[in-house]
Structure formats: C-alpha cells, structure tokens
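Visitor: In order, the protein sequence lines correspond to chains A and B. For the first sequence, the working numbering begins at 1 and goes up steadily by one. For the second sequence, the working numbering begins at 1 and goes up steadily by one.
Worth double-checking, as some hints may not be accurate.
[Said to hold, decoys possible] Straight-line alpha carbon distances no greater than 25 angstroms define the calculated BS3-like cross-link-like pairs of lysine-lysine that follow:
| # | chain 1 | residue 1 | chain 2 | residue 2 |
| --- | --- | --- | --- | --- |
| 1 | A | Lys117 | B | Lys224 |
| 2 | B | Lys255 | B | Lys371 |
| 3 | B | Lys224 | B | Lys255 |
| 4 | B | Lys173 | B | Lys14 |
| 5 | B | Lys173 | A | Lys64 |
Think of the hints as simulated: they come from the structure by calculation, not from any bench. As the structure is a prediction and not an experimental result, all values here were calculated from the model.
Given next are the chains, with one letter for each unit.
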Amino acid sequence: MFETIVGYFWSVVLVYAIAGFLFGVPFVSFWSRRLDPAAHGGSWGFRLTILPGVVALWPLLFVKTLRSKSARQTPPDTEGFCSAGALRRMHGAAFLAIVVLVPVICGAALLIRPNEKQSVVAQLSPAAFAESVPLASSRPDNLPVEVTLRTDGRHFQVQLDIARPLEEPVVALYWSAGHLPDGVPSDAVFLGSVWGPTRLAFSLPDEAGKTPGVLTFIALVGEQRVVGTLPLNRR
Amino acid sequence: MSLAYRAVGWNRQKRIYDLVIGGLLLAALAAYSLTIFLLEPATTAETFVIRFTAIAAVVLLHVILVIGPLARLDPRFLPILYNRRHLGVTMFFLALVHGVFAIVQFHALGNRNPLVSVLTAYRHDYLSVFSNPRNLAHFPFEALGLAALGILFLMAATSHDFWLKNLGASLWKALHMLVYAAYALVLAHIFLGALQSERSIVFPVVLGLGFAGVAGLHLAAFTKERKVDRMRNEATNAGFVRAGRCADMEPDCGKVVVVSEERLALFLHEGKLFALSNVCRHQGGPLGEGRIVNGCLTCPWHGYQYRVEDGCSPPPFTEVVFTYAVRVIGGDIYVSRAPLPLGTKSEGAAVDGKLTMPSKEHPLEFYIGWKANSPARLGKHSMKVVGALLIAVPLLFFVVARVQNPVDSGGFEFGVERTFEGVLYETPLPLLQVSASNASAAANFLLVGYGKYGPPDVIRGKNGQKVRFSGSLIQRNGVAMIEMNRPDSLEVVVNKERPSSTAYQVSKPPLPVSLGKGTFVGELVDTKCFFGVMRPATGKVHRACAIRCLSGGAPPGLLVYDAGGNTVVLLLAGLQGKKLDIDIELAARTLEVEGDLELHNGMPILRVERWRFGPEGR
Chain A
1 MFETIVGYFW SVVLVYAIAG FLFGVPFVSF WSRRLDPAAH GGSWGFRLTI
51 LPGVVALWPL LFVKTLRSKS ARQTPPDTEG FCSAGALRRM HGAAFLAIVV
101 LVPVICGAAL LIRPNEKQSV VAQLSPAAFA ESVPLASSRP DNLPVEVTLR
151 TDGRHFQVQL DIARPLEEPV VALYWSAGHL PDGVPSDAVF LGSVWGPTRL
201 AFSLPDEAGK TPGVLTFIAL VGEQRVVGTL PLNRR
Chain B
1 MSLAYRAVGW NRQKRIYDLV IGGLLLAALA AYSLTIFLLE PATTAETFVI
51 RFTAIAAVVL LHVILVIGPL ARLDPRFLPI LYNRRHLGVT MFFLALVHGV
101 FAIVQFHALG NRNPLVSVLT AYRHDYLSVF SNPRNLAHFP FEALGLAALG
151 ILFLMAATSH DFWLKNLGAS LWKALHMLVY AAYALVLAHI FLGALQSERS
201 IVFPVVLGLG FAGVAGLHLA AFTKERKVDR MRNEATNAGF VRAGRCADME
251 PDCGKVVVVS EERLALFLHE GKLFALSNVC RHQGGPLGEG RIVNGCLTCP
301 WHGYQYRVED GCSPPPFTEV VFTYAVRVIG GDIYVSRAPL PLGTKSEGAA
351 VDGKLTMPSK EHPLEFYIGW KANSPARLGK HSMKVVGALL IAVPLLFFVV
401 ARVQNPVDSG GFEFGVERTF EGVLYETPLP LLQVSASNAS AAANFLLVGY
451 GKYGPPDVIR GKNGQKVRFS GSLIQRNGVA MIEMNRPDSL EVVVNKERPS
501 STAYQVSKPP LPVSLGKGTF VGELVDTKCF FGVMRPATGK VHRACAIRCL
551 SGGAPPGLLV YDAGGNTVVL LLAGLQGKKL DIDIELAART LEVEGDLELH
601 NGMPILRVER WRFGPEGR
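Just chain B, with the same shape it has in the complex:
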C-alpha cells in the first residue's frame, strides 16, 4: 500500500516468503543434482539445466494454481497467498531459462534462425493429425511451450500493482486468468514432448495427481462459493433487501451476504452496521472475510484497508469501494439495492441495544501480510506447511531424477582441439581413415562440421588424399567422428618422395564387406548428436535438433540393436552412384528401411533402396 511505486514493497513477511521459495528451490536443486551426479554423471550441463528448470517450473505452476482455492477453503493458507506474485515471477524465470536453453541447444548453430526453427522444424506434423489421429504423437510440442511462455511473460510483466491500476481491474484479471490456458499448454507440451520418450509411469501419475489436485480444489472452492451465492435474500422493505440477522454478526468481523446477485460485506463496528462492496480494489479479495483492524476494514488477501463509513482507504491511499445504506428492523439487517455514490459517508445503522451480541472467541487469528509478525497459530500452521514442502519437494525431485530416461552415452571433446592425419574419403560418407604406421587396416573417423552442419566444403575434391587438420573428437561405443571446427587448418600432406605430386594418392578405399540385403526398423537419427554431442540424442525432445543437423549435412543413421542389446547406428547412404533420398523431417521417427548392409572397415553402412514408415505407419 505504498503511495509512490517501488519495484517491491518489501516487508518482513515478503522476505520470509522469498527465503522460503529460495530455500525450497535450493533443496530441490540439491536433491536433483545429487541424484543426477550419482546416477547419470554423463548428463551435460545444458541438459541438466533444461530438465531441472522444467520440473521446477511445473511444480511451482501447480503450487500457484492450488493456492487460490486452498485459501478459499481454509484461511490458514492465506499467508501462502500473500506473496503469490513472487512465486509466479520465479516460475516464469525458470520457464524462461528452460525455453532459452532448449532453443539454443536444439535449434541454434544450424541452417535456420533458431526462433524460426522452433516453430517450423517439423511443420508438416501440425496438420498431419487430420490424416491420421495417431499423428497427434508427432505434433510439434515446442510451439505449445512457446505459447505458454508468452502467456507467462505477459503475466509476470504485468504483475506489479501499477498494471492492476492502469490496465483496469477487469482487463488485468482477465489477463491473469490466462494462467489456465498456460497450464493446459504446459501439460500438452509435456505429454506431447518429453512423455513421448519418457516411459516411466511416475510421470503421468505425478502429473495426473497434480491435475486432479488442481481441478479438485477448484471444484471444492467453486462449490463452497456457490453455496454463498445461493443464500439469496428476497425480503424487501421500502427498497431495502433483507441481508441477515443482527444476532449473526460479530463485532469487527465481516460477513458476506448476497443482495441483488451482488456480494456485499457487512461489518459491525462500534455498535453500528455498515455494508460495503465485497470486492477489494486491489486484487478482488473478499472484503467480507476480512476484519476491522485499527478502525479500518482490512482485506484478508493483501491487507488493503478501507474505512467502513465511506469505503475510502485512509490517506494517503486512494482506493475506494462502494458503500450501501443499512437499516435495522426488528433485529434484521436491511441493505439498499443500489450503492451510495462513491465515497459517500454512511452513518451506519445502530444495532438495537437490547440484542445480545454473541461474544465468540475468534476461531482463527487474522493474518495481515504487512505486519511484522503473523499470528502465532497461523505461523505454526505455515511452518508445518513449509516443513512438509521441504520434505516433499526434494523427494519429488529425487524420484523424478531416479526414473528419468538415462542420457545417451558418448563424448564430445568440446573446446579440445586435436590434430588428425589420415586419408580423406568423400564417399560413401565423408570420413578420414587413420592408420597406425604400416598397419594394414585403419580406423575410420566420420567427418562433420561445426554446429549443426556436415563436413565443410574444404574437403571437396580431396577424395583419397592424405590430409591433416585440427578438430574436436566425438565418439561413442567405438565409433569416432571429428568435428572440423577449423576448416582453415586443413592441409594436404605432400609426398616427400614424389614432390611433383600434390599429394599422396592412396589406393582406393578398402572394399566393403557385404552383410547382405535386409529390412531394418529403427529410429532415424543424426549421427553427430548420437555419437556424443547431444544427450539426449534420440526421441521426440531431440527431433528438431536432429532435423537441423540432418538438413545441415550431418550423416543420417538408423538406430537399431545388436544381438547383445547394444544400440548400433547403421549409417545411411544412397545406392552406388546415387544420392540418399530420405525425408529428414522424419528424424526421430521410426522408419522401415530396406537396403544393402555393408561393413566398411568395421563401420556398418546401409545403402538405402527404399524406406517407409515403421509398423505403426504415419
């Protein structure tokens, strides 16, 4: 209730609130990082950040959504409602970090603007659901997340009271009700994204329970509110509507009544009855559930105050609510149908002195956020809630980290440059053949470029020549690849014995060993990510990245298994003399590929004759 705006109107309760948010996030981070460190040490920092911020944001979104109905059902939760906007802003920043990291990781350094890629990487699957309902599983889930992030941004950006006042309460409230749309988008983003790959039952169960909790609490609160609305008062007396009995009123405690379909707040203060609008000018809090504190009606949500006589906030504050004329007739309270002009002072209605005022002990102490200390019993309840959260939240993060899909293996010596020397071949796939001196056979290193690109153009025309260049090593399960991140370092190694020759002209590449023709079912992957650059490198969450890499020229592969249950990638190439013809937008989808399987110096290459969708079809 400050007069000049501040970024945050800090007070002790808000500081405690934010410390609790920070503490819970730290506890969650500790539980998650320890579990990941012990179980999945190969997890990259980017993947860790993307996963942790996603889980934390979803948990916070659920907490934010249940606070409202919880506080409606049980006023002991009002302290958690008090500073909910900080929870919302925290959640937005977590979602923002998740979104930025995901866009950079999966869309940057490719052949499209990352922001364009995030919406168009597999654009045909926006509408493919209409040709086959099963294609819903392939819907571009990134667009849903981006839409949710946009809504959360609008909400976070307009969370300051400046916006409430200057957008107008109705528009502001409507804008902030978009949180339900954001919630639906987030759930669809998760179910059509990560949960297409994550197979643990824990995820749908936890999210289902979360949704049931949110829906159930809202329905319970809605039912409670509807009961209040049904308590309509029809009896009238000279334009006044009966609103209740004096005997039901407690001194300085509010009572909500419904008059002409509007909720009003009745207050008995210093022996007089007053009626005001029930809707706080700040965020629409229920004034009738408030108390008289320091002579002013005080809203239970954020402690905004109004004088009961004229509905005005005490100076220097300027908020005003409508007041209503009140009469007491025979122990019954009557309220005028129409409000008095805004700011009009009402004398109130004196209560008949013969009435016996019930002197009940207040069942609950009244919480006011801007007061330094919260009432003892409420404080204890809040401590219990925080204690329960301190156990439940880290436990949830531990369980989620425990059941998440293991990250793919493989390594990428990011930032480490090594010098490679060997014979360069352009076909069937760009590779460098490195042999130990004099050995009859050699190891193959597939070649790719920087970022989400295939090998740079400098290798063109150097088929069969001995070259030397710097690059970074990528390897997984014995398959090695070089990222040629310094194409300018490539030099042809001159044959000292034949200086007139520009280079070693090495014999033709070793003849491949044919393993026969076959049909193979597997996931279309980009080998650069799969062999170690990205973890995860498979599945729906990685689909857009795979498309970017394949469209940039990274060698495609078909992910299958060997008899030992290990993943093996069959490198895909065209038939002899033909270019590989495969729709790269189908990356991360299961395909059935028919062709000739060959071993090139131990490297399995499938020369694709034809392909179609996997057994489940398009």
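Looking at chain A on its own, in the form it has when it is part of the complex:
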C-alpha cells in the first residue's frame, strides 16, 4: 500500500516535471520577456540556468505570465522586501526551532544507537590450537605463503601466513597422504579456501600425524591447475 502511494507520488512528480519542461522551453525562449523585460536579449546560458527553476515553479510563472499582458505594461518593480523587522523575526523563529530541535534529535540519535555484541562462534575458529607448537616451516614455490606445521600433541594443523593477494582468484587447499603426486589423488582431503593477505589455520586429518603428506594448492576457477605443492614433513 505504502509502496503504491509512493509510486503514485513519483508518477505525479514526473508528470509535473514533464509539464514544467513543456511550459519551460517556450517560457525561457519567448514568454519570459513578457514577465521581465530584462529577460529580453538574455543569453542562452541564462535561459538554461533558469530552466530547472521554471520546471519546478511553472504553475506560479504560468499565472504570472497570463497576468502580465505585455512587456510594455509590466508594472514597475515596486515590491519591496517585507519589513526588515518581520524578516528578522522570521529568521529568528526559524533558527530558534532548529537550535532546539537539532540537538534533541541528533543527541537522541547518538544516545540510542544500537551497541549490541555479536556472538563469537568458537566452533568456526581457524585460530591455531591454544597450546600448539610449531614443528616445521617451509614455503611452496611460486606462492607467497609461509606454511607452518603445528601440533598440540594430539592433533595437527597447518598455519598459512599469506603475504600478499594470490594471483589466482580462487585457490583451494588439499592434503593427501604420501609423496608428491601427479595432480590431486582421489583421496585428497579438501582443507579450505586460501586467500590473502592474512593468516589462516586448517586442521589436518588425524592420519597426518602418522604418515607424510602433501599440501596441494589448486586454482579452481577457469582452467583448473595446480599452482603450488608442498611436502609436509614433521622435520
């Protein structure tokens, strides 16, 4: 309902603006001189400058143009400003309202802005094991990644310190048991996505503690290809 009303509102604005434009073009071209002799001979820059205002206020100008029979009969410019005192009173009232309203609204907006703590979901933490120790560090060729094998005595984890953004848009990290394979073996375990620059940590399968393994970085987007490998040894 509200959306419909707002839709109608914009439609009315559009129709009003189109009507204003249709009135505005001949007004700035010819009729403005009937209203104001100084518009006669006005530059095209002037006509373009007043066009947006004509579009906005066209009913007023339409009435004024109709009332003004011809440029020769344009009444002299006799309307003065409302009295300076009245002007100042209007000025004062407007500003007084603002001096009161603005601090109230803005102060309230600051006081009540939400400050709710968001949950910490520990299960999703890629952080290193609390008591883990580094076992070995090395880095794959062609990748700005420092890989550290860590353990807390029972489980194993790889920590990746990535120095800068990777060239490939999406890089997946796999672990597979054994020695350097040709491609990715069918039993490779997906550890997660790699991006940078950041520090990431991934848990390794339990068997990683018993057998040597290999980390394989694969670009998944476009032509899938291995972008880096790293044997993972405890020493």
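Guided by the hints, dock chain B onto chain A, whose structure is given.
Guide: Relative to chain A, chain B alone:
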C-alpha cells in the same frame, strides 16, 4: 547589475571567488583521496564519491550558513558574502552527486524502482519510534536526505536574480530561508544514518562544533541587530521623528537609524542629509552600512547602487527604494514617519554650516564586488582567511578519512567473466560444487544473480547435475560466490560415457557436519554484498541495499565472529524441508537466531528454528 540577464555576471572578483572554491575543493579531494589510497585502498570508486561529496557538501553548508552572521559581525568578511550563491550552487551539485550515487549504489538493479525503494525500503520504521523511542535509531534516514536535496534544488534553481525579481523579494527570501530546514534535515540524515555505524567520536564532535559555530554566530549577530532595533527614536516634531545628531554623521558614510520600527539609512552627501529605506532591493542588504561611491549610495553586500536624492538606481537600472523627507533642527536630524512616493526626488536637508564635521579616517575600506580590485587591507584579510581554509579544509578531510570505518573487505570481479564447471545444488542454498579432478572434496560457490537478485531461474530442476556457465566471481575470506550475470550461458555437461543420460547424476551432496544447536546474535546481512560486491556491506547506511538484495533472493546471513575476532557469516536456511521465514526488512538489524549449525563442506549454515530481536529489542 546587468540590464539583460546573463547566466553569470562575471567579473574579476567572482572569478577569483570561484577559483578559491575550486582550489579548496581540489585541496580537500587531494587530502581525502591520498589518505584513502594509503589507508583504505579497497574503497570502491562509488563509495569514495559518496563519502567525499557528502563531507564536502556538509562542510560547504556550514560555511554558507556562517558567512551571513560573520559579515554582520565583521565587515571584513563581506568579500566572502559577495558570491555566496556560487558556493550554494556548488554545494547543491555535491549533494546531488552524493544522492544520485547513493540511490544507484544502494537501490538500483533491484526489484523496486530505486526512487520508490529509497522511501520505502524499511517503511515500517517510519512509525516504529512510537512503539519504542529507541527505534528512532532505525528511522529511514534516506527520506531526510532526499527532502534536504529537494530544498537545496529549489534554492539552487532560484538563485539567479531573475527569480529574486519575478518571485518577489518576500517569497524569494522565505524560500531561501528554507536553508535552515535543509540544515536540520542534513544533520538528522547524518546522525540517523552514517553515525549509527561510524563510532569515532570525531564525527559528533566536529558536527557539534559546526552546529555550535553556526548557532553561536547567528545568536551574536541577532544580539547585535537587536541593539540597533532598540535604539528607538521617539521625539517628534510636526510629524517628523528625531533620528540622530548631525555631529554623528560622516560624509559619504551611512548610518542606520530606527524610525517607527523601520530601519532607515541616513547619508550625508555634499553637505546635505538624505534618508532612504535601509533594505536593498536586491537581496535585502543593509544600505545604511554602505557608502557613497561615484555619487551613489552603494550596498555593502553586492554593490547595488541608488541615487540618494530619489532612491532610483542610475539608468539603465530600474531598482528603486523609498526615500524619506529630512529636516535638521538645532543639530538634530528629523525624518518623516512615512516614505515619500516611490521615486520622488528629495532635496535633502542642509546641515548647519557652523557644525564641525568630524573628519575621521574610515576604519575600514569599502569593498565593492564588481570593482576589479578589492581594497588592500580587505584583500590581505581575505588572503588570510583563504590561507587558513587551505590548511583547515584538507586537514579536516584527512582526519575524517583517517577515522572513518574501514570499508568491508572482499572482492568482486565486476566485468570479468569466468567459466565455472561443477555440480549444482539447489538446497539448502543454491551453490555450485567445484572439485579438483578426482579430489574427494570440493569447494562451494554460492550462486546469485545479476544486480540485487538471487540465482536465476535457469538453475531450477538441475539439482545434482553437472553444469557449466559463465559468471563473475565474488569472494571474501575464503568464501566464494558466483554472480550468474549470463544465465543463458548455462549448459548441462553431458556424460560422454552414458550419452543416453541427460547429465551426470552426481551422488547426493556430501553430508553436513553438525556443530550443534545454538543461539547466535548477529547482524542480518545479504551475503552478495558482504562477500565482496559492496563496501560498506553492513550497518545502517547499507540497510536499504541489503533489503533489496534479500528481497531479490540473495542468500541471507548472520554476521558473527570466530574466536580469532574475524567476521564470519552463518548462512541462514530453513529447517529441513521448510522455507526460511525471516523478515527481510530487518536487514542490518541485530537479531538473535536459534537453530542448528552445520558445516557443509566448510561452509557454515544455520538452519533457523526461531529468531527474535537482539538484546536491545525492537
């Protein structure tokens, strides 16, 4: 004072004025862009434009509002008043660029007309303040900005002298006094919008100082003016009111006096006293604070001129002000209560020759904007002001850029198309599972559509099939998403080993790992923006965009943190076999969501059982 209108009646002072405006804006742009480039290089061009134009427009609005009272309090600031309308038009264009970019960025390419969306995206919060005053924080601030922009448009569009003359001075002035309403709307727009997310104390302090400056200067000017109004002259002589003493008059310098509650301008010119209305026909400038230049009374604001004898501007100009009859009785000046008919020539009142005219050196040179050069001392003062602004404005922009919230991270390969191939799943969320050849596990790519939409309909019915299509990559912190901006490129990959089969029929999606049931408090976000399309992608300023994206079908998420302090999005899905039921108008609000947390191939999905407002309630 040209006879035929021009777009701008250029003169040297106006050119200098505009060069200073341009120079200050360039200095501000340099300071802001350098700081952003060094500190927040991930800022997108759209966000940069939205933020810079907003700050610049607000700074200019404050400058515009203080010029008037500054010039009333200290005439040395009159040169800054001279071409204030160019400052106003510049400010309007900055605000317009801000508004257009914000509407396009946050409302376009969605399932509603952007102009409708800007007023209705979270329409229930227009009135929710009445159910709980705290809901003021959720008020649709965009409507306030739009209203302010409308006022600024009216003011900019009617700033030409044509309007002053043809609307009539009273209506024109009343229209332009709406600047105070626009100022209030702009401040409310900022405090209920950006400052709901920006936490630096610098913003409220700077804006508070700005407001105090504007209010304080207006009050000071008002107090000064009131003192003038209180100097009422009551003594009368045959219908004439005493207006002052001849001894207080200086040759060719004006003096403002109050007669019958009206301010008049007294002038002593060539040994005669003249009285005229104090209100300039141009913009209401105080003629009594002007000077006689080239035989004409000259307004201190814009240099409009009138002959003191009849109040008429010298030909070919047509402006006329009222004149008053003057008498000198015993060294006192008396002025008629009623003005003479417009254009009536007054003989003036000869000053008694025995009086000694004080020959004071004028304390200040008189500035006339249309003259090629401004007086030396005023010029020096203006240079000092410009110099101070050249230091203060870039410094302000540097500080603001320094303390602004960092933009969200993530990347969107806008305009870059890549080919993706993998197994498509429709549930629990539309995603493409891409695996390296033969690997046992795969990476998930969430799927969304172009603009502020979810995945296109072409994926329907292809659950579990291997497909190939083109799209653009979105990714943040290891979570990847594909914008399917070319749905027609989708094709099912035919199994060559079983040509009779229409497609690979892949086994069921990998079983999720359950992480248990839990209650999580976080911000409801649209994942398309959060994973990289939009920066910022969270908070009140992005709320309408999030609503558009969610209503268009982008996957919703709950923004929480992991133990390392990193932001993590829990993707929200319905319970098994049920559709997710969540009020998308609450995007960017903090919610408390209860449900089962699962890991789908490393992707956390929260199956929502129930939700309610966060701890602070509705």
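Visitor: Now look at each hint and say whether the structure bears it out.
Guide: Outcome of the hint check:
no. : hint                : in the structure
1   : A/Lys117 / B/Lys224 : 51 angstroms, violated
2   : B/Lys255 / B/Lys371 : 23 angstroms, holds
3   : B/Lys224 / B/Lys255 : 15 angstroms, holds
4   : B/Lys173 / B/Lys14  : 22 angstroms, holds
5   : B/Lys173 / A/Lys64  : 18 angstroms, holds
Figure legend: structure checked against the earlier numbered hints; the only hint not met is number 1.
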